[in-house]
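K.L.:
Here the protein sequences come in this chain order: F and X. Positions in the first sequence are counted from 1; adding 3 to them yields the numbering used here. Positions in the second sequence are counted from 1; adding 7 to them yields the numbering used here.
Hints are computed from structural coordinates only; laboratory data are not their basis. Just so it is clear, the structure is predicted and the values come from calculations on it, not from any experiment. Quick reminder that beta carbons are idealized off the backbone N, C-alpha and C, glycines included. Keep in mind that the hints are not guaranteed to be accurate.
Residues from chain X that face chain F, not an exhaustive set, calculated with beta carbons under 10 angstroms [as the list claims (entries may be wrong)]:
# : residue
1 : Asp-46
2 : Ile-49
3 : Ile-65
4 : Arg-69
5 : Ile-76
6 : Lys-84
7 : Asp-99
8 : Glu-101
Using 30 angstroms as the maximum straight-line C-alpha spacing, the simulated DSSO-like pairs for lysine-lysine come out as follows [what the hints assert, rightly or not]:
#  : chain 1 : residue 1 : chain 2 : residue 2
9  : F       : Lys-164   : X       : Lys-84
10 : X       : Lys-41    : F       : Lys-184
11 : X       : Lys-84    : F       : Lys-80
12 : X       : Lys-164   : F       : Lys-184
13 : X       : Lys-171   : F       : Lys-161
14 : F       : Lys-80    : X       : Lys-171
15 : F       : Lys-160   : X       : Lys-84
16 : X       : Lys-171   : F       : Lys-75
17 : X       : Lys-59    : F       : Lys-160
18 : F       : Lys-112   : F       : Lys-160
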Amino acid sequence: MASYLETLDIPHLPESLSVYVALYRDVQNAAFLRQQLLSGNKEFEYAFIDASMVFSRAHATAAIFRAINDYKNDRLKSHNVHSEIVFSLNPANNIADSFRKFGVADSTKDLLAVKVSVSPEITRDSVAAHLEASVQGTPVTFDDQTISEISDVTRIKKMFKLGALPSPGDKTGGTQNTNAKRQLEMSLVGAIALRGS
Amino acid sequence: MADEYKPPALPAPFNNTNPAPELLTQGAEGHLYKTFSLDPSIPAALKVRPSKPYRHPILDRRLTRQRIIQEARCLTKLIREGVSVPAVLALDWEGQGGDEAGWGGAWLMMEWIDGPVVRVVLEQWEAWMKKNASSLDVAQLEQENARVKALLRRIGKTIGGLHKAGVVHGDLTTSNIMLRLPTEDIEAETTPTGVSTQGEVVLIDFGLASQSAQDEDRAVDLYVLERAIGSTHPRSEPFMEELVHGYRESHRGATSTLKRLEDNPVPLSNAYSHMDRIDLNWILKTPR
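Between the sequences and the hints, there should be enough to build the whole structure, so can you do that?
P.N.:
Structure representation (structure tokens):
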């Protein structure tokens, strides 16, 4: 079945909890997907993230891990582990706000879909089939190169109040660019780890 | 006879981790492990602060939580400010089980720093020099001293960056300063000693760190490090002025901190203030 669906290999999670991720560009039916979330359609229990708010794999992975760890310890702040992933991306503590800022919106063009196999019926095949049938968009590889073409770095920095940091992709290039990426990435990951402290 | 030491069981989710995290050191406040980050191809350091059964459970939870959050906040702030310290990758301050019966511990996953601690670098260098310095000519001797001077200057500059960012370390010794091995291909130093001083200076172990911009607290950091170098690295001690030099050039507030350090006879009130805590732990540990 569709090979673009990636099983995210996060160490430290039990084998029974698999994490599936798929990245889409040029999504045509974002409004429909958002509506399914709003109406609480169980079939559509995903973390649907506006990919322009994702800076890198490490950034997304930090939020996913944070949510799953809180799920395992029975301390979710939101409905379920999937909404918690979107919530985990938000530096502020408002759940509705995190959906507005980081979740799928009607205008979303690039979408990151995440599904955690919280029950045994959820398999790679079932997720791949359902996403293929539901998301109208172009599946692309979930890697830092692709994400860097999608991310709205200015907006992400603003949300996390990291405006003072240098932006990767500035003309500087080379090592400085790598350092800027690393510094911003680690600042985001640290903020996610500390959220709610 | 003493039983073989068995570290306490790892907290979830690390009890799942395969292969299991490897115990590296055990300090007064916690255990340090080497494991993977959230990406299996990247290593990470894991600091676990177990709950202390001799403390009252509510107090224990509160202290453990406060301290691990404080450490993580300092590290994250320093990363934002561009000071080289290990980045925070993940954190859990709440323990497990939720109530008094649960596990009140906490853990902090940090970026793995690949390289030696400065204590070992200086020890190796001093040992070599002690044995072989007489075989070096004047120029070589000068060059060797210059390498260590330059290292101390870099350390001073990094500590300056730390203080400039509004954080004091609280336990600066040469064991808490590392040299990150260079990742790019750079030409290795040529030195008869075989001890490299290359690499980015990285400060580690912020377990006793706090946010402060007071000259007193900053001077304590420098004082504690000065004493540590004086007692463990006698051959490097005369080069302390290089460290001070690097520090002075690093930020504007440095001058008044250094003045505070020089005024020393007034007791640096907070030097080793954390010892109280350690002592208290010892007292509390003693069964009544």
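K.L.:
Out of the numbered hints, which ones does the structure contradict?
P.N.:
3, 4, 14, 16, 17
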